[in-house]
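Asker: For the protein sequence lines, the chains are A and B, in the order given. So the first sequence is numbered by numbering that gives the first Met the number 0: it starts at 0 and just counts up by one. So the second sequence is numbered by numbering that gives the first Met the number 0: it starts at 0 and just counts up by one.
Some clues are possibly wrong.
Unchecked claim - Here are the simulated EDC-like pairs of lysine to aspartate or glutamate, each with C-alpha atoms no more than 20 Å apart in a straight line:
1) LYS326(B) / GLU246(B)
2) LYS77(A) / ASP520(B)
3) LYS517(B) / GLU74(A)
4) LYS78(A) / ASP520(B)
5) LYS89(A) / ASP556(B)
6) LYS89(A) / GLU628(B)
7) LYS566(B) / GLU610(B)
8) LYS78(A) / GLU246(B)
9) LYS78(A) / GLU519(B)
10) LYS129(A) / GLU628(B)
11) LYS514(B) / GLU143(A)
12) LYS232(B) / GLU359(B)
13) LYS260(B) / ASP368(B)
14) LYS513(B) / ASP47(B)
15) LYS447(B) / GLU48(B)
16) LYS188(B) / GLU246(B)
17) LYS56(A) / ASP87(A)
18) LYS484(B) / GLU37(B)
19) LYS77(A) / GLU519(B)
20) LYS96(A) / ASP65(A)
21) LYS514(B) / GLU115(A)
Think of the hints as simulated: they come from the structure by calculation, not from any bench.
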Amino acid sequence: MVLSVSLLISCGGKEEKKKENFSYEKPSTTEQAAPTAEAAPPSQRVDLTNKGVGPIKELVLPADIDQAMATQGEEIYKKMCTACHRPDKKFIGPAPKGILERRTPEWIMNMILDPEDMIQKDPLAMDLLKEFNGAPMANQNLTEAEARAVLEYFRTLK
Amino acid sequence: MKKIFKTVTGFLAIALVFTSCNNGESKSKSALSSNAAEKVYVAPGEHDEFYAFVSGGFSGQLAVYGLPSGRLFKVIPVFSQDPEKAYGYNEETKPMLNTSHGFIPWDDSHHPDISQTAGELDGRWVFINGNNTPRIAKIDLTTFETTEIIEIPNSAGNHSSSFVTENTEYVVAGTRFSVPVPQKDMPIKEYKGNFKGALSFISVDPKDGGMSIKFQLMMPGFNYDLSHPGRGKSHGWFFFTTYNTEEANSLLEVNASQNDKDFIAAINWKKIEEYVNNGGGTKMPTNYAHNVYSDETHTATSTMIKEVLTVNPLDVPGAVYFLPTPKSPHGCDVDPTGEYIVGNGKLSANLTVHSFTKMEEAIKNKKFDGEAYGIPILKFEDVLAGSVVQPGLGPLHTEFDGKGNAYTTFFISSEVVKWKLGTWEVIDRKPTYYSVGHLMIPGGNSRKPFGKYVLAMNKITKDRYLPTGPEVTQSAQLYDITGDKMELLLDFPTIGEPHYAAGCPASLIEGNSKKLYKLEDNKHPYAATSDAATKVTRNGNEVHIQMAMIRSHFTPDNIEGVKVGDKVFFHVTNLEQDYDVPHGIAMLGANTSELLIMPGQTETFVWEPKEVGVWPFYCTDFCSALHQEMQGYVRVSPASSTIPLSWTLGEDF
Numbered sequence: 000m001v002l003s004v005s006l007l008i009s010c011g012g013k014e015e016k017k018k019e020n021f022s023y024e025k026p027s028t029t030e031q032a033a034p035t036a037e038a039a040p041p042s043q044r045v046d047l048t049n050k051g052v053g054p055i056k057e058l059v060l061p062a063d064i065d066q067a068m069a070t071q072g073e074e075i076y077k078k079m080c081t082a083c084h085r086p087d088k089k090f091i092g093p094a095p096k097g098i099l100e101r102r103t104p105e106w107i108m109n110m111i112l113d114p115e116d117m118i119q120k121d122p123l124a125m126d127l128l129k130e131f132n133g134a135p136m137a138n139q140n141l142t143e144a145e146a147r148a149v150l151e152y153f154r155t156l157k
Numbered sequence: 000m001k002k003i004f005k006t007v008t009g010f011l012a013i014a015l016v017f018t019s020c021n022n023g024e025s026k027s028k029s030a031l032s033s034n035a036a037e038k039v040y041v042a043p044g045e046h047d048e049f050y051a052f053v054s055g056g057f058s059g060q061l062a063v064y065g066l067p068s069g070r071l072f073k074v075i076p077v078f079s080q081d082p083e084k085a086y087g088y089n090e091e092t093k094p095m096l097n098t099s100h101g102f103i104p105w106d107d108s109h110h111p112d113i114s115q116t117a118g119e120l121d122g123r124w125v126f127i128n129g130n131n132t133p134r135i136a137k138i139d140l141t142t143f144e145t146t147e148i149i150e151i152p153n154s155a156g157n158h159s160s161s162f163v164t165e166n167t168e169y170v171v172a173g174t175r176f177s178v179p180v181p182q183k184d185m186p187i188k189e190y191k192g193n194f195k196g197a198l199s200f201i202s203v204d205p206k207d208g209g210m211s212i213k214f215q216l217m218m219p220g221f222n223y224d225l226s227h228p229g230r231g232k233s234h235g236w237f238f239f240t241t242y243n244t245e246e247a248n249s250l251l252e253v254n255a256s257q258n259d260k261d262f263i264a265a266i267n268w269k270k271i272e273e274y275v276n277n278g279g280g281t282k283m284p285t286n287y288a289h290n291v292y293s294d295e296t297h298t299a300t301s302t303m304i305k306e307v308l309t310v311n312p313l314d315v316p317g318a319v320y321f322l323p324t325p326k327s328p329h330g331c332d333v334d335p336t337g338e339y340i341v342g343n344g345k346l347s348a349n350l351t352v353h354s355f356t357k358m359e360e361a362i363k364n365k366k367f368d369g370e371a372y373g374i375p376i377l378k379f380e381d382v383l384a385g386s387v388v389q390p391g392l393g394p395l396h397t398e399f400d401g402k403g404n405a406y407t408t409f410f411i412s413s414e415v416v417k418w419k420l421g422t423w424e425v426i427d428r429k430p431t432y433y434s435v436g437h438l439m440i441p442g443g444n445s446r447k448p449f450g451k452y453v454l455a456m457n458k459i460t461k462d463r464y465l466p467t468g469p470e471v472t473q474s475a476q477l478y479d480i481t482g483d484k485m486e487l488l489l490d491f492p493t494i495g496e497p498h499y500a501a502g503c504p505a506s507l508i509e510g511n512s513k514k515l516y517k518l519e520d521n522k523h524p525y526a527a528t529s530d531a532a533t534k535v536t537r538n539g540n541e542v543h544i545q546m547a548m549i550r551s552h553f554t555p556d557n558i559e560g561v562k563v564g565d566k567v568f569f570h571v572t573n574l575e576q577d578y579d580v581p582h583g584i585a586m587l588g589a590n591t592s593e594l595l596i597m598p599g600q601t602e603t604f605v606w607e608p609k610e611v612g613v614w615p616f617y618c619t620d621f622c623s624a625l626h627q628e629m630q631g632y633v634r635v636s637p638a639s640s641t642i643p644l645s646w647t648l649g650e651d652f
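All chains should be built: construct the whole structure from the sequences, respecting the hints.
Answerer: Now the structure itself:
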């Protein structure tokens with residue numbers, strides 16, 4: 000069911016761009032997303048209380064950004080994440096830019112460290128899977144320290 | 000009329016007896032079966048207690064099964080190409096099958112043996128011989144991949160191989176067919192006295208398992224059939240059965256069965272090693288391939304070696320003796336203590352067991368019974384420990400349970416016979432279905448057998464399974480050997496010919512099994528370990544596509560500027576860093592197999608497009624919910640085209 004909904008969404012999305020071509024069922028966006036319709040798509044939803052599901056229960060970020068850690072995080076991000084994520088625009092998955100204004104640090108870390116569990120148990124992660132055409136986030140087996148460095152890099156993306 | 004009545008009642012009586020017999024039998028059989036079923040049942044999600052590495056014989060591969068369930072986990076390609084895994088098809092593994100005769104895509108894999116430390120299985124590597132074009136392969140038990148193959152020069156029908164000494168100092172490769180050394184153009188009938196039998200001792204690097212031929216012992220031109228190392232007290236010796244001591248070159252089934260006794264050759268390899276280390280031996284020009292696969296470059300390299308060190312046994316006094324053994328002995332098996340050497344005389348009524356202690360004594364007292372080509376022959380009676388009298392027909396192989404019992408297969412009478420070391424009495428016999436060759440007890444050819452099961456490997460199955468036309472499967476049968484009597488538990492089909500097997504407690508191996516290759520360790524020259532590293536470059540008519548893959552796309556997935564007549568290399572890196580997320584790739588019209596690429600690995604296939612058009616490629620391994628979306632196109636333009644190379648993914652580039 001999830002798959003069929005997402006397929007419809009993706010079909011619709013593509014067709015919208017190719018107006019000059021043959022068009023097959025082009026329902027409006029609100030129609031497709033009817034069951035879970037909300038004003039903002041899940042990627043833009045702001046939820047600063049949900050910590051997600053996974054190994055990270057509590058993470059308090061210091062006020063200042065650790066620049067060295069952020070640089071290290073950027074390197075890791077380039078190697079391990081860019082196959083699916085661009086820093087500032089939607090690609091296979093959502094852009095991390097400004098993510099700390101929408102998500103808790105714990106939620107971000109859990110999504111990196113245990114995406115399998117998140118997309119099965121966390122309602123927001125489940126919605127994101129639908130928004131992103133059913134493409135589940137890959138577990139790149141980052142260590143907790145590596146994920147923490149990537150998070151620090153995300154803090155620099157504003 | 001009376002007579003007819005009698006006959007009818009007679010029939011009825013017989014029928015009744017048969018019926019009741021059948022009933023009784025099927026009843027007890029089913030009770031037994033449910034008991035057997037419990038013993039081999041491994042519940043879904045549970046793991047087996049043992050690994051069994053079962054050779055594929057003429058398939059050239061090595062299959063990994065679990066025991067007691069008999070479930071097949073993996074077929075490891077060794078000597079034969081495997082399109083499923085691209086082994087021998089992708090550019091990286093083609094060099095693994097290189098030989099002095101060129102690329103050879105097949106061999107006959109026979110005797111797997113697990114590496115040992117202090118005479119016990121250590122679970123690091125499996126060695127296996129290629130029989131036809133003589134080779135020894137090594138399989139790494141962290142990746143379950145073939146990582147090294149060494150060709151054996153001066154050898155033919157590499158059969159008394161690939162058994163390891165008790166600290167894996169050496170893996171041996173003995174020739175079954177003697178040949179002219181060096182090879183030359185000569186009349187076949189001049190074989191006798193002129194051909195040689197090379198026994199090769201390949202040293203194994205204790206750190207990385209790297210193989211190199213330390214020396215070749217140039218023995219008389221007999222057939223060296225099987226071998227096993229001494230262990231414990233006989234460590235330092237190696238024993239080889241011989242047949243065709245007649246040195247016949249034609250109609251061997253008659254002409255090589257003339258002598259009452261052939262020999263077991265006892266080789267003191269420590270003595271020869273010392274001789275060689277002190278500069279002994281003769282370097283001989285030759286040509287053989289040594290192929291090594293690297294887990295860092297994910298690529299094999301093949302090196303041709305031009306020289307081998309040969310040793311004439313007569314130059315090392317006291318290193319080689321012949322033990323007379325009736326009659327055309329096949330298996331040559333040494334018990335866990337190292338005292339008993341069993342010669343399984345194929346055409347002999349009795350099984351012959353030699354005593355290592357008595358052999359040493361006879362050598363000390365120089366009690367010889369003549370010589371063969373200068374090699375002393377010991378007296379049969381002086382070395383004989385005992386005989387198992389008329390245990391069956393056509394003995395082939397023996398393994399041990401570590402509790403003082405030996406188990407021998409009988410090919411002609413299709414049975415496994417359990418007998419006692421020392422008293423030589425037969426304790427039990429059980430039929431096999433049918434024509435059993437080797438048998439295997441995990442660790443059964445080491446100092447420490449795990450005597451819980453014996454696996455018998457059968458050549459013929461006839462009526463045992465649903466028929467599949469003229470060609471039917473061969474099989475393995477599992478017996479419980481914990482009691483006095485053996486109990487048949489399970490009967491399962493195998494790949495190819497299950498020639499021999501090596502078994503090992505899973506606990507020795509499973510913890511070391513690698514889950515993925517780390518991207519940061521990938522040193523493949525054409526790896527694209529991140530999206531930023533993907534590119535397409537042209538060098539004359541060679542086009543190199545450095546592509547990345549992750550759920551569920553290829554980067555790039557649209558490529559233009561390729562021309563008819565180009566040689567297009569797809570170097571594809573799997574960017575996943577999670578366990579069990581391989582991806583595949585196949586290109587329409589490419590004259591090769593798919594690639595199946597493990598996380599962090601890079602593999603390459605070559606495509607030479609012959610027609611203009613837009614040709615698709617796609618992921619062949621169902622990797623994710625969007626697997627069907629994992630595809631791409633290459634535009635092929637005419638040879639004269641000026642369209643520049645370009646590569647894109649979505650609208651991002």
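Asker: Each of the hints needs a verdict: does it hold here or not?
Answerer: These are the hints, each one checked on the structure:
1. LYS326(B) / GLU246(B): Given pair LYS326(B), GLU246(B) holds - Cα atoms ~15 Å apart, limit 20 Å.
2. LYS77(A) / ASP520(B): With Cα atoms ~16 Å apart, LYS77(A) and ASP520(B) stay inside 20 Å; holds.
3. LYS517(B) / GLU74(A): 16 Å, holds
4. LYS78(A) / ASP520(B): 12 Å, holds
5. LYS89(A) / ASP556(B): Holds - the C-alpha atoms of ASP556(B) and LYS89(A) are around 18 Å apart, at most 20 Å.
6. LYS89(A) / GLU628(B): 18 Å, holds
7. LYS566(B) / GLU610(B): 13 Å, holds
8. LYS78(A) / GLU246(B): Status violated; Cα separation ~65 Å.
9. LYS78(A) / GLU519(B): 9 Å, holds
10. LYS129(A) / GLU628(B): 16 Å, holds
11. LYS514(B) / GLU143(A): It holds: about 19 Å lies between the C-alpha atoms, which stays within 20 Å.
12. LYS232(B) / GLU359(B): 11 Å, holds
13. LYS260(B) / ASP368(B): 13 Å, holds
14. LYS513(B) / ASP47(B): Holds - the C-alpha atoms of ASP47(B) and LYS513(B) are around 18 Å apart, at most 20 Å.
15. LYS447(B) / GLU48(B): 16 Å, holds
16. LYS188(B) / GLU246(B): 10 Å, holds
17. LYS56(A) / ASP87(A): 27 Å, violated
18. LYS484(B) / GLU37(B): 18 Å, holds
19. LYS77(A) / GLU519(B): Holds - the C-alpha atoms of GLU519(B) and LYS77(A) are around 12 Å apart, at most 20 Å.
20. LYS96(A) / ASP65(A): Within the cut-off at roughly 17 Å; holds.
21. LYS514(B) / GLU115(A): 17 Å, holds
When each numbered hint is compared with the structure, violations occur for hints 8 and 17.
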